[in-house]
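> Read off the chains here:
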Amino acid sequence: MERMNVLICGGTGCTSSKSDLIEQEFTRLLQEKGLEKEVKVVKTGCFGLCQKGPIVAIHPDRVFYCQVKVEDVSEIVNEHIYKGRRVERLEMHDVDEATQEKVFNIDKIRFYAKQKRIALRNCGVINPEDINEYIARDGYMALGKALTEMTPAEVVDEIKKSGLRGRGGGGFPTGLKWQFAAKEVNDQKYVICNADEGDPGAFMDRSILEGDPHSVIEAMAIAGYGYIYSRAEYPIAVERLNIAIGQARELGLLGKNIFSTDFSFDLELRLGAGAFVCGEETALIASIEGKRGMPMPKPPFPAQKGVWGKPTIINNVETFANVAQIINNGADWFKSIGTEKSSGTKVFALGGKVVNTGLVEVPMGTTLREVIYEIGGGCPNNKRFKAVQTGGPSGGCLTEKDLDSPIDFDTLVAKGSMMGSGGMIVMDEDNCMVDIARFYMDFIVDESCGKCTPCRVGTKRLLEMLTDICEGRGTMETIDELEKLCYTIKSTALCGLGQTAPNPVLSTLRFFRDEYEAHVKEKRCPAKVCKALLSYSIDPTKCKKCSLCAKNCPVQAISGVPGVEPFKIDTSKCIKCGACMTSCHFNAVELR
Amino acid sequence: MKSLADLKALRDQTKKRLDLRDGESDYRVVVGMGTCGIAAGARPVLNAFVEEIAKENLKASVTQIGCIGMCSYEPLVEIYDKEGNKTTYVHMDANKAVEIVKKHIGQGIVCENYTIGAK
Ligand SMILES: Cc1cc2nc3c(=O)[nH]c(=O)nc-3n(C[C@H](O)[C@H](O)[C@H](O)COP(=O)(O)O)c2cc1C
Ligand code: SF4
Ligand code: SF4
Ligand code: FES
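These protein sequence lines map, in sequence, to chains A and B. Take the first sequence: its letters are residues 1 to 592, numbered as in the working numbering. Take the second sequence: its letters are residues 1 to 119, numbered as in the working numbering.
A few of these clues could be false.
[To be verified] Taking lysine to aspartate or glutamate and the EDC-like style, the derived pairs with C-alpha atoms no more than 16 Å apart in a straight line are:
#, chain 1, residue 1, chain 2, residue 2
1, A, K145, B, D6
2, A, K52, A, E79
3, A, K160, A, D332
4, B, K2, A, E149
5, A, K305, A, E149
6, B, K16, A, E2
7, B, K15, A, D187
8, B, K8, A, D138
9, B, K16, A, D72
10, B, K55, A, E2
11, A, K116, B, D22
12, B, K15, A, D138
13, B, K59, B, D6
14, B, K55, A, E38
Simulated from the structure, these hints should not be mistaken for laboratory data. These numbers come from a predicted model, not from an experiment.
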């Protein structure tokens, strides 16, 4: 009988830092000690704190070890597992601000304390490759309940009442979408799970598929017959989905006459090539049908005419991950979490300039401050917070004054950003907002499918203008033109990609116009990011005349007489490599 | 899998194995497993607790701790209830462990004659 479980993270982050070798080492050492019967090693999905990975959790002791190396395994086995002495140096902890003492209790650690896990409830708890573990946590109960105890109309009704809204970006009420598809009369209908997840920096959907694939499969079965469309760049997620689908078929949870009813349902996995536009629903459907992934005008909506012309429900991974919980616990339970118009929780991929980057799930209505400061631990190195980008390349930024706004679909839109799929990138004083806008536009130009002119040509022009501003060729007219073109693209592009592409520019213009103006009027980048606008110089009062910088300069741009005359940089020769700055021992080289 | 009842049966079969992971248990059994404890025979005690708790279908977790500094009383076991009240059992063996699981964890009756106070 097992008395202890060693859970090892098998998410993408930890796998890339060798968690599979750690798993092998645990298995080997436990066998060597003859403990393999009492201690079970389990590979799970992501724990959320990927940055501190690889993560190993020991239960029932509730100890989380971080940044575990293969060499550490023998200490954990010999000390903790065999003798019961925790290996404190590896243990996840907070430092209590008042007493400066380490806090090891996992339920009190700030990163986890504020979170509420519904969509991620099994991630980091179960083995995603073992259907029995999913079933042990009430898996497939909701499907059983829906098929044997509820009518289809009751299922749709329950989802409607729960207030669940699409987590793929738009926030459309899921129950309503299901109702539209249910109303259509047709011999065949389809369900698609959108696992394209193109937002750079986002990995919520990947983590759900890797950590709890059955939750998505069960929800899709609750909704009808389906496809999962995932990007081929997610090899671990794809492998786990295939295993999960196979196991569900074997148990008769997919296939013909599920639970002895006349309901039959099966799933097929389709891999995309990783184009952002293929996350857009009509482009995704085209791609499944084997056509080029290009959007189509709506209506007709997929619920009326979707894949192969049949009524189709298309939902996001995270949306599906909530469904079984709603059927099991009831719409009222779900409604009691979050805010009135945005019920439930939302998963965010917190990244950028925060101490704890990773995956967090919080109730809707949690403030940005709570997520960034309490869970995320604020900006590292005591830098000043500047802005946070939500909604990825389709969203916008929010500033200091919005930090206490609740996070929900409608508030974010009212503030000029959007929920998006859940990317949340924090920026500090060292980020140049013009450069950020340029980064997203660069992404869009690459990803535009080219079908319509405003997006294909327009975004390219936007990128040119942003580059001009960053490189000192911009004028006040450039800013005006930039803004005007943004509005034109917004109102004329065919699909969501083009329509939202100008958002990062517009929102940075709104909050940081002064930064744009500094770039064009003073040819100065206040955050010291835009290289073309910066120049190196040597402060003669700090210069000790040692000549070290001149020796390191690859282009002989620095002159002076050692010990006699302070050194000087000839900016016309300087190639801005930064070598002088790193070589100077007296901080005499400045960047302005 | 033919019915909801089949699914429930399968769930109940595996559920116990996973209870270990949610940190919810009525009792926490802590076995002293320092070098002294292991030498005095703590391992069979530990195994007896684990097996008996599983057999009786009880909600209790079994963990170990290093040397507590009372080596002459080893093998030594502490049992904590939900409120954190501690009972310390000393000079343990596998048979005593079985009895303690049945009485203390199963029915909430402390086996006074094995506690540290009885000696
Ligand atoms: C350019 C673009 C990219 C999109 N990418 C995704 C994506 O990666 N994942 C996703 O679920 N939805 C994406 N969407 C939204 C989908 O079109 C669709 O609204 C969504 O999958 C519906 O599911 P939901 O109601 O559960 O959110 C994207 C939309 C656009 C315009
Ligand atoms: S807006 Fe862009 S991505 Fe969308 S259809 Fe037009 S060119 Fe393609
Ligand atoms: S930045 Fe590089 S090129 Fe310019 S002065 Fe310093 S060392 Fe020379
Ligand atoms: S991948 Fe291991 S914690 Fe996220």
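> State the violated hints by number, sorted upward, taking the hints as numbered earlier in the document.
Of the numbered hints given earlier, those the structure breaks are 2, 5, 7, 9 and 13, listed in rising order.
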